[in-house]
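K.L.:
Sequence:
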Amino acid sequence: MQILIVSATIFEIDKLIEDIEFTQINENFYSKNFEKESIDILITGIGIAFTIYSLTKTLNKKKYDLVLNIGIAGSLSKKLKIGDVVQVISEEFADLGIRSKDSFSTLFDTGFIKANKFPFVDGRLKAANLKKQLIPKIKQVNGITVNTVNGNKKGIEELKKKFNADIESMEGAAVFYVCLMEKLAFTEIRSISNYVEERNKENWDIPLALSNLHLVIKKILSLI
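Remember, the numbering used here sits 896 above the position in the sequence shown when you count from 1.
Misleading hints may appear alongside valid ones.
What the hints assert, rightly or not - Dumping the calculated EDC-like pairs for lysine to aspartate or glutamate here, alpha-carbon to alpha-carbon at most 16 Å:
id, residue 1, residue 2
1, 1058, 1018
2, 1057, 998
3, 1035, 980
4, 953, 923
5, 1057, 1093
6, 1114, 915
7, 997, 1054
8, 1058, 961
9, 1058, 991
10, 1114, 936
11, 1050, 1094
12, 1049, 1093
13, 957, 936
14, 958, 936
15, 959, 1078
16, 953, 1078
17, 1050, 998
18, 1057, 1005
19, 975, 1078
20, 1056, 980
21, 928, 915
22, 1056, 1093
23, 1058, 1005
24, 932, 961
25, 959, 933
26, 911, 936
27, 958, 1078
28, 1114, 914
29, 1057, 980
30, 1115, 915
31, 959, 936
32, 928, 910
33, 1035, 1018
34, 1050, 1093
35, 957, 1078
36, 1049, 1094
37, 1050, 1005
What the hints assert, rightly or not - Here are the computed distance ranges between Cβ atoms for each label pair:
id, residue 1, residue 2, range
38, 1102, 1011, 29 to 39 Å
39, 1050, 1099, 13 to 23 Å
40, 1045, 979, 16 to 26 Å
In case anyone wonders, no lab produced these hints; they're calculated from the structure.
Given the structure is predicted, the values throughout are model-derived calculations rather than measurements.
Glycine included, every Cβ here is placed at the ideal spot set by N, Cα and C.
Turn these sequences into a full structure, and let the hints steer you where they fit.
P.N.:
Put into structure tokens, the structure is as follows:
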């Protein structure tokens, strides 16, 4: 099996690289061969544009059986705790659209894209089902992807009202879109580092989120 792990930044995956002793191929690419599979790691950079470019370029060079998008995320829901690891089963591009004086409309709201035009389903990107044994018993959530993370009360409340989402990231929908278009099996695993609220880093716990994420990813890889 050929597996590609996609991460926006090195710090979200450096512990895995160290523990499994990946070989660095170039600045943003690592690889490790095993008896029955090989695992590559791609560091895309933060955001939608960088992720789509880097992932598409990589997929054009090699065929993969599974893409794992991993990283930290902000939670829009108090039902999730800091440090929780979740599987994202749907994504939306939450700031791709038209902003008027008092509201925001998606490209689906305005009719520029039909809500069920492939690969969208009711305006969402939905993850392909993976075998249950590949995923530990973790919560499944809906995600939104933004180019600019939200740190002001008005913007956050607007997001919560507009989208039925649990978490926010800057890359998830980009990976969903590329993999769905290329008909690749994929999943997104995120660990909650903070709540989406007025920006206050004192309330964040990135080390806890990364530690828990690392444990889950190692578990998934052991089951493949």
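K.L.:
Next step is simple, just say for each hint if it's right about the structure.
P.N.:
Hints, verified against the model:
1. Pair hint residue 1058 plus residue 1018 holds up; C-alpha atoms about 14 Å apart against a cutoff of 16 Å.
2. Only pairs whose Cα atoms come within 16 Å are accepted, and residue 1057 paired with residue 998 is accepted, the gap being roughly 14 Å.
3. At most 16 Å may separate the alpha-carbon atoms for a hinted pair to count; residue 1035 and residue 980 meet this at roughly 8 Å.
4. Straight-line distance between C-alpha atoms of residue 953 and residue 923 comes to about 15 Å, which keeps the hinted pair within the 16 Å bound.
5. A threshold of 16 Å between alpha carbons decides the hint, and for residue 1057 with residue 1093 the separation of about 14 Å falls inside it, so the pair holds.
6. The hinted pair formed by residue 1114 and residue 915 meets the criterion: a straight-line CA distance of about 10 Å does not exceed 16 Å.
7. As the CA atoms of residue 997 and residue 1054 are separated by approximately 13 Å, the hinted pair is consistent with the 16 Å bound.
8. Between residue 1058 and residue 961, the direct Cα distance comes to roughly 35 Å. Violation of the 16 Å bound is thereby established for this hinted pair.
9. Only pairs whose Cα atoms come within 16 Å are accepted, and residue 1058 paired with residue 991 is accepted, the gap being roughly 11 Å.
10. Only pairs whose Cα atoms come within 16 Å are accepted, and residue 1114 paired with residue 936 is accepted, the gap being roughly 14 Å.
11. Distance hint between residue 1050 and residue 1094 is fulfilled; the C-alpha atoms sit about 9 Å from each other, no more than 16 Å.
12. Taking the CA atoms of residue 1049 and residue 1093, the gap is near 7 Å; set against the 16 Å cutoff, the hint holds.
13. Note on residue 957 and residue 936: the hinted pairing holds, with a Cα-Cα distance of about 12 Å set against a maximum of 16 Å.
14. Between residue 958 and residue 936 the CA atoms are separated by roughly 10 Å; this keeps the pair inside 16 Å, and the hint holds.
15. A hinted pair counts as satisfied when its Cα atoms are at most 16 Å apart, and residue 959 with residue 1078 qualifies at roughly 10 Å.
16. As the CA atoms of residue 953 and residue 1078 are separated by approximately 12 Å, the hinted pair is consistent with the 16 Å bound.
17. Between residue 1050 and residue 998 the CA atoms are separated by roughly 11 Å; this keeps the pair inside 16 Å, and the hint holds.
18. Between the alpha carbons of residue 1057 and residue 1005 the distance comes to roughly 15 Å, so the proposed pair stays at or under 16 Å and holds.
19. About 34 Å separates the Cα atoms of residue 975 and residue 1078, which puts this hinted pair outside 16 Å; it is violated.
20. The suggested pairing of residue 1056 with residue 980 is violated, with an alpha-carbon distance near 20 Å, which exceeds 16 Å.
21. Under the criterion of a C-alpha separation no larger than 16 Å, the hint pairing residue 928 with residue 915 is consistent with the structure, at around 12 Å.
22. A threshold of 16 Å between alpha carbons decides the hint, and for residue 1056 with residue 1093 the separation of about 11 Å falls inside it, so the pair holds.
23. Between residue 1058 and residue 1005 the CA atoms are separated by roughly 11 Å; this keeps the pair inside 16 Å, and the hint holds.
24. Between residue 932 and residue 961 the alpha-carbon distance is near 13 Å, which keeps this suggested pair within the 16 Å criterion.
25. With a CA separation close to 13 Å, the supplied pair residue 959 and residue 933 stays within the 16 Å bound.
26. Note on residue 911 and residue 936: the hinted pairing holds, with a Cα-Cα distance of about 15 Å set against a maximum of 16 Å.
27. A distance of roughly 12 Å separates the Cα atoms of residue 958 and residue 1078; the hinted pair therefore holds under the 16 Å criterion.
28. Our distance criterion of 16 Å between C-alpha atoms is met by residue 1114 and residue 914, whose separation comes to about 12 Å.
29. Only pairs whose Cα atoms come within 16 Å are accepted, and residue 1057 paired with residue 980 is rejected, the gap being roughly 23 Å.
30. A threshold of 16 Å between alpha carbons decides the hint, and for residue 1115 with residue 915 the separation of about 13 Å falls inside it, so the pair holds.
31. At roughly 11 Å between alpha-carbon atoms, residue 959 and residue 936 fall within 16 Å of each other, so this suggested pair holds.
32. Between residue 928 and residue 910, the direct Cα distance comes to roughly 14 Å. Compliance with the 16 Å bound is thereby established for this hinted pair.
33. A hinted pair counts as satisfied when its Cα atoms are at most 16 Å apart, and residue 1035 with residue 1018 does not qualify at roughly 22 Å.
34. For the given pair, residue 1050 sits about 10 Å from residue 1093 by alpha-carbon distance, which is consistent with the 16 Å threshold.
35. Of the supplied pair hints, the one linking residue 957 and residue 1078 holds, its CA atoms being roughly 13 Å apart against a limit of 16 Å.
36. A distance of roughly 6 Å separates the Cα atoms of residue 1049 and residue 1094; the hinted pair therefore holds under the 16 Å criterion.
37. Restraint check for residue 1050 and residue 1005: the C-alpha separation of about 21 Å exceeds 16 Å, so the hint is violated.
38. A beta carbon spacing of about 36 Å between residue 1102 and residue 1011 agrees with the range 29 to 39 Å that was offered as a hint.
39. Checked against the given bound of 13 to 23 Å, the beta carbons of residue 1050 and residue 1099, roughly 19 Å apart, stay inside it.
40. Here the CB-CB span from residue 1045 to residue 979 is close to 19 Å, well matched to the stated 16 to 26 Å.
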